[in-house]
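Chains as they are written, first to last, in our numbering: chain F, 1 to 354; chain D, 1 to 258.
Accuracy of the hints is not assured; some may be wrong.
No farther apart than 30 Å at their CA atoms in a straight line, the calculated lysine-lysine pairs in the DSSO-like style are these [claimed, not checked]:
#1 F:249 to D:76
#2 D:119 to D:195
#3 D:8 to D:195
#4 D:139 to F:249
#5 F:249 to D:8
Computed Cβ-Cβ distance ranges for the label pairs, DEER-style [claimed, not checked]:
#6 D:75 to F:161: 55 to 65 Å
#7 F:339 to D:75: 54 to 64 Å
#8 D:80 to F:158: 39 to 49 Å
#9 D:151 to F:136: 51 to 61 Å
#10 D:139 to F:175: 52 to 62 Å
#11 F:146 to D:248: 42 to 52 Å
#12 D:78 to F:115: 40 to 50 Å
Derived list of chain D stretches under chain F, where covered just means 3 residues or more per stretch with a C-beta under 8 Å from a C-beta of chain F [claimed, not checked]:
#13 9 to 18
#14 84 to 92
#15 183 to 189
#16 224 to 231
Everything labelled a hint here was simulated from the structure, so no lab data went into it.
No residue lacks a Cβ here, since even glycine has one placed at the ideal position from N, Cα and C.
Each chain is listed here by its residues.
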Amino acid sequence: MAEPNPGTDSQAVSAPADAPDPTGGATGPSKPRPSVRTKTPSRTGDRVFSGLSATVAVLMAVLVVVIFAFLVKSAIPALSANQANFFTTRTWSTDGDPIKFGIAALFWTTAISSVIALLIAVPLAIGIALFITQMAPRRLAGPVAFVVDLLAAVPSIIFGLWGSIVLAQAGFLEWIRSALIAVLGWIPIFSETPSWTDPSGTVFLASIVLAIMILPIITATSRDVMAQTPRDQIEASLALGATRWEVIKMAVLPHARSGIISGSMLGLGRALGETLAVTLILQQVSQMQLRRVFDPSIFTGGDTFASKIARDFPEALNDPQSLGALVASGLALFVITFFVNGAARMIAERGVKR
Amino acid sequence: MAKRIEVKDLNIFYGDFHAVEGVELTVEPRTVTAFIGPSGCGKSTVLRTLNRMHEVIPGAYCTGQVLLDGTDLYGKGIDPVAVRHTVGMVFQRANPFPAMSIRDNVVAGLRLTGAKNKKALDEVAEHALRGANLWGEVKDRLDRSGASLSGGQQQRLCIARAIAVQPEVLLMDEPCSALDPISTLAIEDLINELKEEFTVVIVTHNMQQAARVSDRTAFFNLKAQGEPGHLVEIDSTEKIFSNPSQKATEDYISGRFG
């Protein structure tokens, strides 16, 4: 029943008169409807609300700009005093004079740990989401979804502690490490690094913990879009004689594709910026080692942007130049995550249009 | 190709709810049979048991027999997936796969059976699209998305998709209810051609449509809201619309219903 003026005042009173006709005939107003009103009433509530929400929206945009400006302003002195190339230098020394620092090693560790975390988490998340939405009996789907969501509620410091204490000693990880080195060791990323004889402290371990940490968000977004697969699409494939897996392939995955991608990008954004867990897990590589050779292997230690900043921040507080250098690396991370999120948004929107 | 359907003592349930009781009917090969009746009388539900699509709804099941040329579709060891290859279905709302091209939509069912030969698939696609009276309209844009077509074209695309697998029986669940009169006419003409090859069962709310397209008509009714629906009678369409043997049928088709 369409109420022509879902307004706030007297007109709403006419609604009960539109209740279904007890005779079972066509429903309709039993008394003449008031004509469309001619005078626009003052909608104070509307104005206040739209003013408030506009203010908040603008404030948020301003906040992002302010943060960006702060980063740039604090980074510039250190960047201009930097005697090395900021983008290609692996080492980081800000206590001497002249200062020399660059983000190459940080960037590599950040990127490779996040990408590997994504490669582990995305297939798992898709599998779990498919299980919850398509395969599991309802009794089981609820609890599984709940447990995965619970994973998101675990504080990252707990993941850090668990990763560096428990998981680092887990036999199966050492087994995976040896297997990867044995089979894929010819690829630099999986090559064995001298003096790193087990998974503890390595990028490899950090990636696995990151994968667990980003699993809930990717699962949740995938699950939501999969659950919204139009019923008629599922029935269309079933009526053609599709098996359960074929229904997933024909109807569910095509529908969920953009959602899975944007969920993965959100996960990537989180992995890139994750700090505490990574700081606890990763062991640093000495500056000497960094200077000598670039080691792309994941079976070595290192620092991500975030863990570097977290580690060095307390000391750097007393020295504007050290602090500025850290802020510069933070700026780099900010720009990277900005683009990752932008890409996620673009992909999600393109999916909607189609 | 076409096969006879015999339904014996069919009772259909949604969980605890007894939706349809005691249906007995026979559908002859190469005929069009229309199911008519008021909303909620279970005609769509009966249709969906004919290719085991009813049971995909959680909790839904049925008892009794549906015989396709003597084989019980609900017999032991019968694979519902195989049943749906044999008994195709067209739905109320056109539902082409939006991520697939027009050509891929048509051959989607064949791909499921493992057909890979591109040339053979193209031929089937053309044949099915011609069969669905759509070829002339889409032959120059077979690679466009199925969602780019108009509503009536999409529904004919779905018919092409259903007949591409060469089913024995084609079920249509109110295939024209979302279409304009011209598209409806196109589909009704098509149904007339389809019965040369297939056994067609169509559910419709539109009695004129039932009179126009069908050879036989089954009238379903329900005694009261909440009671199970049942088959009142099935007879030649001419008889049902001129001189039905049941009073309820006459009341319904003459509009004196309720």
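Taking the hints in turn, this is what the structure says about them:
no.	hint	verdict
1	F:249 to D:76	28 Å, holds
2	D:119 to D:195	28 Å, holds
3	D:8 to D:195	24 Å, holds
4	D:139 to F:249	27 Å, holds
5	F:249 to D:8	36 Å, violated
6	D:75 to F:161: 55 to 65 Å	59 Å, holds
7	F:339 to D:75: 54 to 64 Å	59 Å, holds
8	D:80 to F:158: 39 to 49 Å	47 Å, holds
9	D:151 to F:136: 51 to 61 Å	35 Å, violated
10	D:139 to F:175: 52 to 62 Å	58 Å, holds
11	F:146 to D:248: 42 to 52 Å	51 Å, holds
12	D:78 to F:115: 40 to 50 Å	48 Å, holds
13	9 to 18	violated (count 0)
14	84 to 92	holds (count 5)
15	183 to 189	violated (count 0)
16	224 to 231	violated (count 0)
Comparing the model with each earlier hint shows violations of hints 5, 9, 13, 15, 16; every other hint is respected.
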